[in-house]
Amino acid sequence: MNKTLDKKKDFEDNYFYAFDTIHYHRDGGFDVAIEKQRIVYQRDTRLGITQAHHTFSDVIILRCEADGSFRWYNKIPKEQYLWGYFEMLGRYVKGYGKDDEMVFLYNQTDMSSKSIRVKLGKESKTFMVTFDKDGKETVQEIIHDPDLTNTLALRFSRIEPDGVIKLVKSNQFKATLKDYFKCPTIVFGELKLP
Numbered sequence: 000m001n002k003t004l005d006k007k008k009d010f011e012d013n014y015f016y017a018f019d020t021i022h023y024h025r026d027g028g029f030d031v032a033i034e035k036q037r038i039v040y041q042r043d044t045r046l047g048i049t050q051a052h053h054t055f056s057d058v059i060i061l062r063c064e065a066d067g068s069f070r071w072y073n074k075i076p077k078e079q080y081l082w083g084y085f086e087m088l089g090r091y092v093k094g095y096g097k098d099d100e101m102v103f104l105y106n107q108t109d110m111s112s113k114s115i116r117v118k119l120g121k122e123s124k125t126f127m128v129t130f131d132k133d134g135k136e137t138v139q140e141i142i143h144d145p146d147l148t149n150t151l152a153l154r155f156s157r158i159e160p161d162g163v164i165k166l167v168k169s170n171q172f173k174a175t176l177k178d179y180f181k182c183p184t185i186v187f188g189e190l191k192l193p
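Residues in the sequence shown are numbered from 0 upward in steps of one, following numbering that gives the first Met the number 0.
Honestly, the hints are just simulated from the structure, not real lab data. Fair warning: there could be bad hints in the mix.
To be verified - Restraint-style ranges between C-beta atoms, simulated for each label pair:
hint : residue 1 : residue 2 : range
1    : Tyr-23    : Leu-46    : 21 to 31 Å
2    : Lys-165   : Lys-135   : 22 to 32 Å
3    : Tyr-95    : Gln-41    : 33 to 43 Å
4    : Asp-133   : Arg-37    : 31 to 41 Å
5    : Val-163   : Trp-71    : 19 to 29 Å
6    : His-22    : Val-163   : 11 to 21 Å
7    : Ala-65    : Thr-44    : 48 to 58 Å
8    : Tyr-23    : Ile-141   : 26 to 36 Å
9    : His-24    : Gly-47    : 45 to 55 Å
Claimed, not checked - Calculated cross-link-like contacts (lysine to aspartate or glutamate; reagent style EDC-like; alpha-carbon spacing at most 20 Å):
hint : residue 1 : residue 2
10   : Lys-132   : Asp-99
11   : Lys-74    : Asp-30
12   : Lys-191   : Asp-98
13   : Lys-124   : Glu-86
14   : Lys-35    : Glu-78
15   : Lys-132   : Asp-98
16   : Lys-135   : Asp-57
17   : Lys-135   : Asp-30
18   : Lys-35    : Glu-86
19   : Lys-165   : Glu-140
20   : Lys-74    : Asp-131
21   : Lys-97    : Asp-57
22   : Lys-191   : Asp-144
23   : Lys-132   : Glu-100
24   : Lys-165   : Glu-189
25   : Lys-124   : Glu-189
26   : Lys-97    : Asp-30
27   : Lys-132   : Asp-146
28   : Lys-132   : Asp-66
29   : Lys-191   : Asp-161
30   : Lys-132   : Asp-19
31   : Lys-97    : Asp-144
32   : Lys-124   : Asp-57
33   : Lys-132   : Glu-64
34   : Lys-35    : Asp-57
Here the structure is a predicted model, which means the values were calculated and not measured. For glycine and all other residues, C-beta sits at the position ideal for the given N, C-alpha and C.
With the hints as extra help, turn the sequences into a complete structure.
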């Protein structure tokens, strides 16, 4: 895995880094996850509307000792290109298993195809990436169902302390406008961490 960052190029391309919450361990060490993102606004003068195009890219993970020195670091290579309301399908959910392993769930969109299906997230897959306390990585594809991944809003999902993942999907694509404003997301299922 390429673990280098080209910060100059990233900022020239209008990328920024979004920090997740810091997680502290019993030994005083801590983890930080950072996601590379970009938002580009495009105005359609014919229609008089402006639309946001979101790119959610690699996640960089740092595990540090209590004194702040690095224990290990890694990168989850991912790419999600979404626009408008579909932005809520981006990002990831992070949590911890019973042995303090770090767990990420995210949707991967195939950026090699520029079809409208990709832009709507209809060709994405859902992956689970686990890092043990020493940084050993395990990657599993857990969902490859276009109808499900098209509405799976992992940023609103959560991993409970008992290792159960509450999966949330967006209600905006199937609900009436009135129903959407009452409840934009719904919990629809659970996964149990191994």
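Against the structure, the hints:
1. Tyr-23 x Leu-46: 21 to 31 Å: At 49 Å between Cβs, range violated.
2. Lys-165 x Lys-135: 22 to 32 Å: holds (26 Å)
3. Tyr-95 x Gln-41: 33 to 43 Å: holds (38 Å)
4. Asp-133 x Arg-37: 31 to 41 Å: For Asp-133 and Arg-37 the Cβ distance comes to about 32 Å; the hint holds.
5. Val-163 x Trp-71: 19 to 29 Å: With Cβ atoms ~27 Å apart, the hint holds.
6. His-22 x Val-163: 11 to 21 Å: holds (18 Å)
7. Ala-65 x Thr-44: 48 to 58 Å: Once the Cβ atoms are compared, 55 Å apart, the range 48 to 58 Å for Thr-44 and Ala-65 holds.
8. Tyr-23 x Ile-141: 26 to 36 Å: holds (28 Å)
9. His-24 x Gly-47: 45 to 55 Å: holds (52 Å)
10. Lys-132 x Asp-99: OK: Lys-132 and Asp-99 at ~7 Å, within 20 Å.
11. Lys-74 x Asp-30: The given pair, whose Cα atoms are some 13 Å apart, holds under the 20 Å limit.
12. Lys-191 x Asp-98: Judged against 20 Å, a Cα distance of about 14 Å means the pair holds.
13. Lys-124 x Glu-86: Holds, at about 16 Å.
14. Lys-35 x Glu-78: holds (10 Å)
15. Lys-132 x Asp-98: Holds, because 8 Å separates the two Cα atoms, which is no more than 20 Å.
16. Lys-135 x Asp-57: holds (18 Å)
17. Lys-135 x Asp-30: holds (15 Å)
18. Lys-35 x Glu-86: The given pair, whose Cα atoms are some 15 Å apart, holds under the 20 Å limit.
19. Lys-165 x Glu-140: holds (17 Å)
20. Lys-74 x Asp-131: holds (14 Å)
21. Lys-97 x Asp-57: Roughly 26 Å separates the two Cα atoms, so the pair is violated.
22. Lys-191 x Asp-144: holds (19 Å)
23. Lys-132 x Glu-100: This hinted pair holds, its Cα atoms lying about 6 Å apart.
24. Lys-165 x Glu-189: Given that 20 Å is the threshold and the Cα spacing comes to 5 Å, the pair holds.
25. Lys-124 x Glu-189: Roughly 17 Å between the alpha carbons, so the hint for Lys-124 and Glu-189 holds.
26. Lys-97 x Asp-30: holds (16 Å)
27. Lys-132 x Asp-146: violated (35 Å)
28. Lys-132 x Asp-66: OK: Lys-132 and Asp-66 at ~17 Å, within 20 Å.
29. Lys-191 x Asp-161: Holds - the C-alpha atoms of Asp-161 and Lys-191 are around 9 Å apart, at most 20 Å.
30. Lys-132 x Asp-19: holds (19 Å)
31. Lys-97 x Asp-144: Given pair Lys-97, Asp-144 is violated - Cα atoms ~28 Å apart, limit 20 Å.
32. Lys-124 x Asp-57: Holds: Lys-124 and Asp-57 sit about 16 Å apart, inside 20 Å.
33. Lys-132 x Glu-64: holds (12 Å)
34. Lys-35 x Asp-57: holds (6 Å)
The structure shown violates the earlier hints numbered 1, 21, 27, 31.
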